[in-house]
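Undergrad: Sequence:
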Amino acid sequence: MGELCRSTIFFFDQHLCYADIIPPSQVRARIEVAVLNFLKALSSNDPSISDLSLISRNPSNSRVSRGLLTGDSWIFLSHSFCTRSLTRENSTKSFIRVWKVMEMCYQILVQEKRVTQRELYYKLLCDSPDYFTSQLQVNRTIQDLVALLRCSRYSLGIMASSRGAIAGRLLLQLDQRFEGSHLKLDQRFEGSHLKLDQRFEEPNKEVVDCSTCGSSGYAISGDLDLLEKLSMETDARYIIMVEKRLAEDRVFNQIPCILITAKGFPDIATRFLLHRLCRTFPNLPVLGLVDWNPAGLAILCTFKFGSIGMGLEAYRYACNVKWLGLRKDDINQLIPEECLAPLKPRDLQIAKSLMASEILQDSYKEEVEAMVQSGRRAEIEALYCHGYDYLVKFLATKIVQASYL
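Numbering (the numbering used here), first residue to last: 4 to 408.
Treat the hints as calculated values from the structure; they're not laboratory data. What you are looking at is a predicted structure, and each value in this text was computed from that prediction instead of being measured. Honestly, I wouldn't trust all of these hints.
Taking lysine to aspartate or glutamate and the EDC-like style, the derived pairs with C-alpha atoms no more than 16 Å apart in a straight line are [to be verified]: (1) LYS247 / ASP294; (2) LYS347 / GLU369; (3) LYS247 / ASP226; (4) LYS331 / ASP270; (5) LYS355 / GLU372; (6) LYS247 / GLU382; (7) LYS103 / ASP133; (8) LYS43 / ASP54; (9) LYS331 / GLU361; (10) LYS347 / ASP270.
With beta-carbon atoms standing in for the labels, derived distance ranges [stated by the list, open to error]: (11) LYS43 / LYS247: 29 to 35 Å; (12) PRO285 / LYS368: 25 to 31 Å; (13) ALA399 / SER28: 33 to 39 Å; (14) SER76 / CYS342: 46 to 52 Å; (15) GLY390 / ASN61: 43 to 49 Å; (16) VAL403 / ALA359: 19 to 25 Å; (17) ALA399 / GLU106: 17 to 23 Å; (18) PRO345 / ILE24: 51 to 57 Å; (19) ASN286 / PRO26: 44 to 50 Å; (20) SER76 / LEU39: 17 to 23 Å; (21) LYS368 / SER234: 51 to 57 Å; (22) CYS342 / ALA399: 47 to 53 Å.
Glycine included, every Cβ here is placed at the ideal spot set by N, Cα and C.
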């Protein structure tokens, strides 16, 4: 504890701005030091209420890291700080919210529990209704606490709420105590493309064959510890990140691939699992299929680069996703005018943000410019104007031609 106090809880002397993954005991120690520092300032000869200095999540504090030997790039935050102050009217409630969430996380860690952001919101809504009125306030305060304590959200005892799913040519081995495992080892895996190897034949284990999980795929757990401990086996040659659709077309029967989706804007658990797939199968290219609109590109870029809001953790989830489609050439050649819809005001706001981004490559910005100039947007489903089996043909053609950015 003394060593932590000497280094200060706010870590100004650290050169790298990232959030640690640390055990509960260390998180509790950091919280205890923050409280002790606050009380020390309050009880000194010249009493004062310390401001909370946080790594700024403003876009002006974001930077881009690019691998020299790989195509990987990701967002990270630099050394600029912002403050939450009790004495400034515009940040008084934000200051109190940080302490409230810090107290709640400490209780969670002491009880050896994990909660979702939604569960935490309702608890705070009941305990501190004067300070928490929306889920967004809770989410932002959690990121404030991550920026203050420099530890990951998961280390704080906050578990991801996952909407994502995975399907295709992938076997997952899980411990029987985890819920969601529904295929026994002694089953024959009828219709499976894969054969179990010896390391999958351990006792007291269950295996999920993601090619037999139905049109909705296999639901991705929000427990990052579970996702990290999964054993995986595949004969796929590609990983395809899909914006929303998954296994309805059973693309993996014709194209040896793993399909993964967050069903919209990517949640942490889905990003974590995709990153885990990339680490486990480094030779498999990751291809992205999204709607042709600014929101679709923003989804792909979050998987590819991470996000400024979670800049202290972005490098743990970023993957080198290649943009397979839909792109302007696909729109011009394949999508009739009747299948296009006008851009929404929200699309234009996202387009403006994308064009201002330093991390976005020129070819991506050209696509955004084409979207704005045309004033149109197209969904993946527009390809079905060519028939219900056309999506597989479209993907196969793009892959064979290596038509991705």
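Undergrad: Give a verdict on every hint.
TA: Hint check results:
A hinted pair counts as satisfied when its Cα atoms are at most 16 Å apart, and LYS247 with ASP294 qualifies at roughly 9 Å. Between the alpha carbons of LYS347 and GLU369 the distance comes to roughly 19 Å, so the proposed pair goes past 16 Å and is violated. Distance hint between LYS247 and ASP226 is unfulfilled; the C-alpha atoms sit about 22 Å from each other, more than 16 Å. Between LYS331 and ASP270 the CA atoms are separated by roughly 27 Å; this puts the pair beyond 16 Å, and the hint is violated.
Only pairs whose Cα atoms come within 16 Å are accepted, and LYS355 paired with GLU372 is accepted, the gap being roughly 10 Å. Of the pairs offered as hints, the one joining LYS247 and GLU382 holds, with about 10 Å between alpha carbons and a cut-off of 16 Å not exceeded. Distance restraint check for LYS103 and ASP133: the Cα-Cα separation of roughly 11 Å lies within the 16 Å cut-off, and the hinted pair is therefore satisfied. In summary, the hint linking LYS43 to ASP54 is supported, as the alpha carbons are separated by about 13 Å, within the 16 Å threshold.
Restraint check: the Cα-Cα separation between LYS331 and GLU361 comes to about 22 Å, which exceeds 16 Å; the hinted pair is violated. For the given pair, LYS347 sits about 23 Å from ASP270 by alpha-carbon distance, which is inconsistent with the 16 Å threshold. Between LYS43 and LYS247 the C-beta distance comes to about 52 Å, which lies outside the given range of 29 to 35 Å. At about 29 Å, the beta-carbon gap between PRO285 and LYS368 stays in the expected band of 25 to 31 Å.
A hinted range of 33 to 39 Å is violated for the C-beta pair ALA399 and SER28, which are about 52 Å apart. For SER76 paired with CYS342, a C-beta distance near 33 Å fails the hint of 46 to 52 Å. Between GLY390 and ASN61 the CB atoms are about 48 Å apart, so this pair conforms to the stated range of 43 to 49 Å. For the pair VAL403 and ALA359, the beta carbons lie near 35 Å from each other, so the given range of 19 to 25 Å is not met.
Between ALA399 and GLU106 the Cβ separation comes to about 55 Å, which falls outside the hinted range of 17 to 23 Å. The given range of 51 to 57 Å is broken by PRO345 and ILE24, whose C-beta atoms sit roughly 44 Å from each other. The hinted window of 44 to 50 Å between ASN286 and PRO26 is violated, with their beta carbons roughly 33 Å apart. A beta carbon spacing of about 40 Å between SER76 and LEU39 contradicts the range 17 to 23 Å that was offered as a hint.
Range check, LYS368 to SER234: Cβ separation about 41 Å, and the 51 to 57 Å hint is violated. In this structure, CYS342 and ALA399 break the distance hint of 47 to 53 Å, their C-beta atoms being roughly 21 Å apart.
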